[in-house]
Each structure stands twice: as structure tokens, then as C-alpha cells.
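**Q** Residue-level listing of the chains:
Protein chains: 2
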Amino acid sequence: MQRRSFMKNAAAGVAAATIAAPAIAQAPQIRWRCSSSFPKTVDTIIGAGELFARKVSEATDGRFQISMHAGGEITPPFAVVDAVQQGTIECGHTAPYYFFGKDPTFALDTAIPFGMNARQMNAWQIEGNGLTLFREFYKAYNIYNIPMGNTGAQMGGWYRKEIKTLNDIKGLKMRIGGFAGAVLAKLGAVPQSLPGGEVYQALEKGTLDATEWVGPYDDEKLGFNKVAKFYYYPAWWEGGAQIDLYINQGAWDKLPKDYQAIVESAAGLAHTNMLARYDARNPAALRRLIGTGTQMRAFPTSIMAAAWKAANESYDELNKTNPRWKKIYEDYVRFRDDQIRWFRVTENSFDDFMAEVIIPRRASSKKG
Amino acid sequence: MQRRSFMKNAAAGVAAATIAAPAIAQAPQIRWRCSSSFPKTVDTIIGAGELFARKVSEATDGRFQISMHAGGEITPPFAVVDAVQQGTIECGHTAPYYFFGKDPTFALDTAIPFGMNARQMNAWQIEGNGLTLFREFYKAYNIYNIPMGNTGAQMGGWYRKEIKTLNDIKGLKMRIGGFAGAVLAKLGAVPQSLPGGEVYQALEKGTLDATEWVGPYDDEKLGFNKVAKFYYYPAWWEGGAQIDLYINQGAWDKLPKDYQAIVESAAGLAHTNMLARYDARNPAALRRLIGTGTQMRAFPTSIMAAAWKAANESYDELNKTNPRWKKIYEDYVRFRDDQIRWFRVTENSFDDFMAEVIIPRRASSKKG
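Chains as they are written, first to last, in the numbering used here: chain A, 70 to 437; chain B, 70 to 437.
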């Protein structure tokens, strides 16, 4: 009996192993490499990537590991699309508008001048047609895209001299790229493309008149306040810049369904957290900058209006020549206008009242 | 040899079973029940709960199932805290301010009059002290809390007559609860507590003068536009109402770490999605309401200012009597004021410019 029972137990052991097998098969060990386009110093963006990777690891009990790499570590910062497309790396974390040169359509997945703010962009991506349209667009790049972060409305950058009229834009040598640079060029500015490490010196020497980067928290670390006195707002070209997780389509397709759900959920968590980090850290940074003598300035309405006109001319031109752009842009703009008509009613009027009671107008107009 | 090898294989089988055992132990079958405080018709909120449960199921390959129940199905809508606290259900999905009567401190986890908007609330919860303070607060209720959804700034409700001065508030019978009701009572209104199903008839008969609910998308379904002509904004008492996932502390502690990470990530995804749903669906609903003759009205500044004063008086009183409130409120308000000083600079000025070009002021002031 005892031997028989031993045999039965052994058989049960084998059976248990058989039952366990699917569970093991469903939980494979996977390692991915993910390259950012950003340097380590941009700890809000890098931090969101790290949070994402940590949550994926925790959710799979360490079986799915994604190593996050700052721009340049394993892939040049702006080679992320190529590397993900070719499968050199399984994923990347980048601002799509960096790839404006490949196709301006990329910009609609981050920010375009006078586009949507962060919340409106979420609504378009998640509940409007945004994500569907971009999933289709990225097929040509062998990429599966997931929104993973937003900076919120950015600052309009650092200027050595005040910008009072359109004349002050003429000949302005500003470090700014993509669509914003193209629109500013229409107004007479001379957009410059300089490696990040050279901007400070160029501003100091005066070979550069202005630069833009993100907002108080990121800008402060680069020390631009020491070489340019005037800090302008808003960045009409970035009312909210979305960052994406790009996944090689083959790598995505090979993931078990449970890992796909884990990736989507962890990216969703990181998406909100990045914006929260920016929002939480910007106020103190702004106060410190003002404490060093930084002068806050709103862009004059005349310049905003001229930029609005120039931007729309650019969009009209693209609508005629780029069908990929046209298809997504038309949906984007229809959604944006709808959002603004609604936000204007209760969201903005709530915000405006709060600003009015917390920062009475006289104090506010003194400040900026 | 063959028998030996058989024995070796059998031993290997047992070893495999042993190795597999932890994987099986880490992936237990779990079933939770989650009760909402909302009816099925509030499909934005219910939908976020369902998305959460679906993602948890997908991420665990169906091993962790959470059944979502509309308010009343398994627990009365406002018994969610008690039921989660006692462990009758493992989790609930509710608006904390419904439990204002237990302790007004709950309201700080949803919305208070003149509080933070949705994005500012996220920043406070995730990157400020909000989540930490509330994790501590909820210990007394045996609850582990996770933010899971926000409505955005709500509408100020439906009124049978125009509200032009503070005199129009005196004696106003309005269906409104919690803090907002208390503040309105200070201004002379008579807050009413009526079951949802009776509000329409009471408004029609005129035994009720006004009611508030959420915003265009939810309000339209209740048909208030047919019995009250004036639709006011903003709900100064709800600049962004957060919804929470409440988990029984014991149930949370018993979850394996990987399931905890899955719950947190899926809740993070659902958090953003709920707001996106509201933002995406409100504009068309508002258009339809206006199409039926609804008249949009902004609350007069005199009423907003009086409510602001009355709200702050309430807060001062609570600071003196409720140490739990005081501790969280002081942190909340400091963070709010900081957020508003920053949002005022670039976020609001971007939004304001966009509203100006999309809805030129004359058209806008005609509309409401």
C-alpha cells in the first residue's frame, strides 16, 4: 500500500507538473531594451520610463524585464524610430515630433503650434480617433505606439532682449526646431539647430538670441536664466507635448496577451505620472528662477496672432501635399475645436476664477 | 539504464513540479467583488471600473477576476465604505465626498468648493503628499485607496429661473449635497436631499428650483433640460471630482506583490481614461442641449465671490474642530495655491488664447 501510494504520489507529482506547464508557458522570461531620446537629466521623462519598466517587472514577478537607457547609451537620441523599426531595440520612449523630418505627421502625435492641451490630447487619443489613426500611421514604421507621458503647456523660452513687436522677431536667432521653427521662420526668425551642450555658451556670447526647452523645472537645470533675462509664455507651439512608447511591431505581436495588458496598464500609469511630476515640480522651480532675477513676459497678442496665421498657412500647405498629414490633421483639428468650445465653458471659467482670487489681477500683471 | 533514466526523469518531473510550485503559488485564482456608488447609466464612471477589471483579468490571464457591480446591486450605493471596511466586499468604486457625513475630510479626496482642478489634483495625489496623507487617513477605515477617475470641472446645474444676484439664491430649493450644500446654505439657499428618481418631477412641479449633477454628458440622460431652462457654470464646488478605488486593507495585504502591481497599473490606466471619456463626450452633449433651447449662463462674479468667502469660513471652522481635516486641508491648500500660480502663467494663457481664436469673444459672450 505504501509503495502503491508512493507511486500514486509520484504520478500526482507528474500530473501537477503537467498542470503547471501552461502557467510556466504563459510566463516566459523576456528581456527588452528601451531607448529614450532624452538625457538622464530630464528626470521627469526618464523617471516615467523607469516607473513603467518597474511596474512591468513587478507585475510579472520579474519575468519581463525592460532596461531603460538614456538617449545615446545604446542608440543615438534621434535614432529611436529607426532602431525600433529595424528591431535593433524592442522599444523606445520619445517625442514623436522629433521625427518631423521623416514626415510632419509625426508632430500631430506630440504637439503642433496652437494644438491641444494635455487633457484634450488624452481625450483625442483615448476616446477620439487619435490612437486608431496613429496605430495605422505607424504601421509603415513597424511600430506599435502607446502614449506615455505629457509635459503640459511649455514655456516660450529664454530671450536676451524683450520681444515687443513683430520687428523683434525679425532676424532673431533662436534655437528651436520642427514646426515651431518653421512658423517662426515665416515671421522672420532664424531658427538654429545647435547641440544641447553648446546652447548656453552661444547665448552667453550672443551668437544666439534665444532658446526654448521645456518649462521651469527642466530649464532651471540648464542655467539659461544666467545668460538670458526674459522668460516668455506660453509656448504656443507646445500646449502639451505627448511622449510615446514605441514598440517594435514584431516584439509586440510575440508578447503573450497577459504581458500586452501589463504593458498597456503600466504605460497608462506612467502617462499620468509624468504630467503630475511636471505639474508638481514646476511651481517651485519657477519661484527659484524669479528669485534670481528672471523677468516673466507674456508674448504680445500681435505676435501670437501672427504666429496663429502663419501656422494655419503651413497646415493648409501640408493639407495639399501630404495625404497622411491631411487625414489625421483634419480629425485632430475638428476634435480640438470641439474641446475648446467645451473647455471654455466650465473648465476655463473655473480656472480663471481661481487664478483671480489666488493671484489678484494687479499682483498678477506686475509679475508678468 | 532505461529504468534508471526513467527514475531520473521521474525525479526531474518532481523537481520540475517543485520549481513550478512557486509560479503556481504566485498566480492564485482570486475573485473579488467591487461595488460602485453609481448607477449603470453613468457609463463614464461605470465604464472606467469595467476597464480596470478587464485589464486586471487580462494581465493575470483570467486568474484574478473582479466583478463590477452598479450601485445597489450588491451593496446600497452609499454603503460602499462600510462594506469595504467590514470586508463584505473586497473593493468599491466611489466618490469619497459622499462620505462627508462620516468626516468632512473625505471631501478633500474628491473635491471641495474652490479646490483643485483634475490635473492639479493628480499632481497633489501622485507627486505631492495627497496619496500619502489619505493612505494614513483611510487606515481608520481599513481601506487602501487608489485614485481611479476624475470627472473634470462640472457644470453648476439646472435652474428654473435666472440667478442674477445673491437675492436669487435666498430660499432657492436646490438638490445639492455635501460641502457645496453647506456653503450654499450660508448664502441662504435651502439644500434638498432627494432620491435621484424624484428630481425630475420635483423640478417639473416647481417644488424644487434647481439641481446639479455632473456635466452635459451625464445631465442630458436625466432630461433636466426639459424642466429647467438655465444651465449654469462653473460648478465652483467641483473643479474636478476624483473617484477612488477603495480596497479592503486585508484583501490588499493578502494579494501577491505582482497582483498588487497589476491593480495599481490598471487603476492608473482607468484613471486617465475616465477623464478622457468625459472630455470626449461632453462637447457633443452640450451642443445637443443648446439645440433644445438650454440657455447657458455664467454664475455672476458677486455670487462666486460670496461663495468663496463662505467656503473659506467653513474651512476655518473645520480647522478649529477637526484635526484630521486640518492636517490634510493645509497641505492641500498650500499645494493648490502653488499650482494656480504656475498654471496661471503658461497653461491658462495658452488655453485663453486658444479659446479667443476658436471662439471670438463676441460670439462667446452671445453664447453665454
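For the record, the hints were derived by calculation from the structure and aren't laboratory data. One should not assume that every hint holds.
Identical chains share a label here; the pair holds if one copy fits it or two copies do between them.
[Stated by the list, open to error] Straight line, CA to CA, 20 angstroms or less: simulated EDC-like cross-link-like pairs of lysine to aspartate or glutamate: (1) K109 with D322; (2) K242 with D322; (3) K389 with E289; (4) K233 with D112; (5) K171 with D237; (6) K378 with E425; (7) K255 with E196; (8) K233 with E386; (9) K396 with D130; (10) K242 with D406; (11) K255 with D322; (12) K230 with E196; (13) K326 with E127; (14) K326 with E119; (15) K242 with D130; (16) K290 with E425; (17) K255 with E425; (18) K326 with D130; (19) K396 with E119; (20) K378 with D421.
Predicted model only: the values in this text are computed from it and were never measured.
**Q** Hints first: check each against the structure and report whether it holds.
**A** We went through each hint and held it up to the structure:
1. K109 with D322: Classified as neither; 30 angstroms inside a copy, 35 angstroms across copies.
2. K242 with D322: neither (46 angstroms within a copy, 58 angstroms between copies)
3. K389 with E289: Neither way: K389 and E289 sit 41 angstroms apart in one copy and 40 angstroms across, limit 20 angstroms.
4. K233 with D112: Neither. Shortest intra-copy (34 angstroms) and inter-copy (49 angstroms) distances fail the 20 angstroms Cα cut-off.
5. K171 with D237: neither (31 angstroms within a copy, 60 angstroms between copies)
6. K378 with E425: between (30 angstroms within a copy, 14 angstroms between copies)
7. K255 with E196: neither (34 angstroms within a copy, 40 angstroms between copies)
8. K233 with E386: neither (29 angstroms within a copy, 48 angstroms between copies)
9. K396 with D130: Neither, since 42 angstroms and 37 angstroms both go past 20 angstroms.
10. K242 with D406: Neither. Shortest intra-copy (33 angstroms) and inter-copy (36 angstroms) distances fail the 20 angstroms Cα cut-off.
11. K255 with D322: Answer is neither: 43 angstroms inside a copy and 60 angstroms across each miss the 20 angstroms cutoff.
12. K230 with E196: neither (43 angstroms within a copy, 35 angstroms between copies)
13. K326 with E127: both (17 angstroms within a copy, 7 angstroms between copies)
14. K326 with E119: For K326 and E119, the Cα distance is within 20 angstroms only across copies (18 angstroms; inside one copy 22 angstroms).
15. K242 with D130: neither (52 angstroms within a copy, 56 angstroms between copies)
16. K290 with E425: neither (31 angstroms within a copy, 34 angstroms between copies)
17. K255 with E425: neither (36 angstroms within a copy, 22 angstroms between copies)
18. K326 with D130: Answer is both: 16 angstroms inside a copy and 8 angstroms across each meet the 20 angstroms cutoff.
19. K396 with E119: neither (34 angstroms within a copy, 32 angstroms between copies)
20. K378 with D421: between (26 angstroms within a copy, 17 angstroms between copies)
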